[in-house]
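All chains should be built: construct the whole structure from the sequences, respecting the hints.
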Amino acid sequence: MKLVLKGIIPPMITPLTADGNLDIDGVQRLIEHLISGGVHGIFLLGTNGEGPSLTYELRKELISYSCKFVAGRIPVLVGITDTSFLGSLDIAEHAKKAGADAVVVAPPYYFPISENEMIEYLECLAPKLPLPFMMYNMPSCTKIHLTIKTVKRAKELGAIGIKDSSGDMGYLNSLIEEFKDSPDFPIIVGTESFLSETIRKGGHGAVAGGANFVPGLFVDLYNASVQNNHLVIDELNKKVKYIYDTIYSVGKYESRVTKGIKSALSVMDICEDHMALPLRRFENGDREKIKSYMNEI
Numbered sequence: 100m101k102l103v104l105k106g107i108i109p110p111m112i113t114p115l116t117a118d119g120n121l122d123i124d125g126v127q128r129l130i131e132h133l134i135s136g137g138v139h140g141i142f143l144l145g146t147n148g149e150g151p152s153l154t155y156e157l158r159k160e161l162i163s164y165s166c167k168f169v170a171g172r173i174p175v176l177v178g179i180t181d182t183s184f185l186g187s188l189d190i191a192e193h194a195k196k197a198g199a200d201a202v203v204v205a206p207p208y209y210f211p212i213s214e215n216e217m218i219e220y221l222e223c224l225a226p227k228l229p230l231p232f233m234m235y236n237m238p239s240c241t242k243i244h245l246t247i248k249t250v251k252r253a254k255e256l257g258a259i260g261i262k263d264s265s266g267d268m269g270y271l272n273s274l275i276e277e278f279k280d281s282p283d284f285p286i287i288v289g290t291e292s293f294l295s296e297t298i299r300k301g302g303h304g305a306v307a308g309g310a311n312f313v314p315g316l317f318v319d320l321y322n323a324s325v326q327n328n329h330l331v332i333d334e335l336n337k338k339v340k341y342i343y344d345t346i347y348s349v350g351k352y353e354s355r356v357t358k359g360i361k362s363a364l365s366v367m368d369i370c371e372d373h374m375a376l377p378l379r380r381f382e383n384g385d386r387e388k389i390k391s392y393m394n395e396i
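Going letter by letter, the sequence shown gives residues 100 to 396 in the working numbering.
Since the hints were derived computationally from the structure, they do not count as laboratory data.
A couple of the hints might just be wrong.
25 Å max Cα-Cα, derived SDA-like pairs, lysine to any residue [to be verified]:
1. Lys227 x Ser183
2. Lys195 x Glu219
3. Lys101 x Cys223
4. Lys254 x Ile212
5. Lys338 x Lys388
6. Lys248 x Lys195
Pair by pair, the computed Cβ-Cβ distance ranges are [said to hold, decoys possible]:
7. Leu256 x Glu276: 17 to 23 Å
8. His244 x His329: 30 to 36 Å
9. Asp280 x Glu382: 48 to 54 Å
10. Lys337 x Ala225: 29 to 35 Å
11. Glu216 x Pro282: 28 to 34 Å
From the three backbone atoms N, C-alpha and C, an ideal C-beta is built for every residue, glycine too.
Now the structure itself:
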């Protein structure tokens, strides 16, 4: 049966120990927290998962333990984006062996590439993938904004959907319009504040970073959006805005969202907030701000 993705799929953070190893107990606690919150899947090794900063060995360890702990209860998606073509395939093969359900493909980063080069890359990659693949548009990190032409070619090559983290509502609407007659090709938004509007326009869900620490909030917002319950949508969107104004606004660097999510989870005693270099966790003052905001939440 073809995997159909929808709902809330958190981009799971990667719990780490102080010495940079995988926090296995933290992984298990986090997964149970997510599943008990009603999420519809998890996405490993994305941007919030610090995937590109982790060794291949640690990535594989995370995949194996996550699939073991999930035990088939929800779909597991694995990000395989890498500067190395063979490195991406290696992680994909491991994901298959570990029991993951799909992989997620963003453009290889570092070198700026053209639309034609991206399409040729997919034409080489897709036939070799051992699992269904979902596209991931993340222009702020990859130096390329996936065009509709590229996404259509990806679909022809077997892609089962796309996650758009461009933050461009106009582009997101164009995706929804282009694939409105393809319900088996879901459009998933990565900008969580766009969730209700995405569902209203015909999209299918969100890869919401905040669902790491408040999964129930985003699951409820998704359900209210599907049911077109405006009163509940308005109330829950106020809570999402509060997260943006507080947890995501601590610190002065672009990495503050991922740091804020990990710090929030540490306040909840789910896992520590250690980061993979080059990122560093918040200092004490900022961590205290996160703690006070979480008390309010």
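Consistency of the hints with the structure:
no. : hint                        : result
1   : Lys227 x Ser183             : 14 Å, holds
2   : Lys195 x Glu219             : 24 Å, holds
3   : Lys101 x Cys223             : 22 Å, holds
4   : Lys254 x Ile212             : 20 Å, holds
5   : Lys338 x Lys388             : 17 Å, holds
6   : Lys248 x Lys195             : 29 Å, violated
7   : Leu256 x Glu276: 17 to 23 Å : 21 Å, holds
8   : His244 x His329: 30 to 36 Å : 32 Å, holds
9   : Asp280 x Glu382: 48 to 54 Å : 51 Å, holds
10  : Lys337 x Ala225: 29 to 35 Å : 42 Å, violated
11  : Glu216 x Pro282: 28 to 34 Å : 31 Å, holds
Hints 6 and 10 from the earlier list are contradicted by this structure; the remaining hints agree with it.
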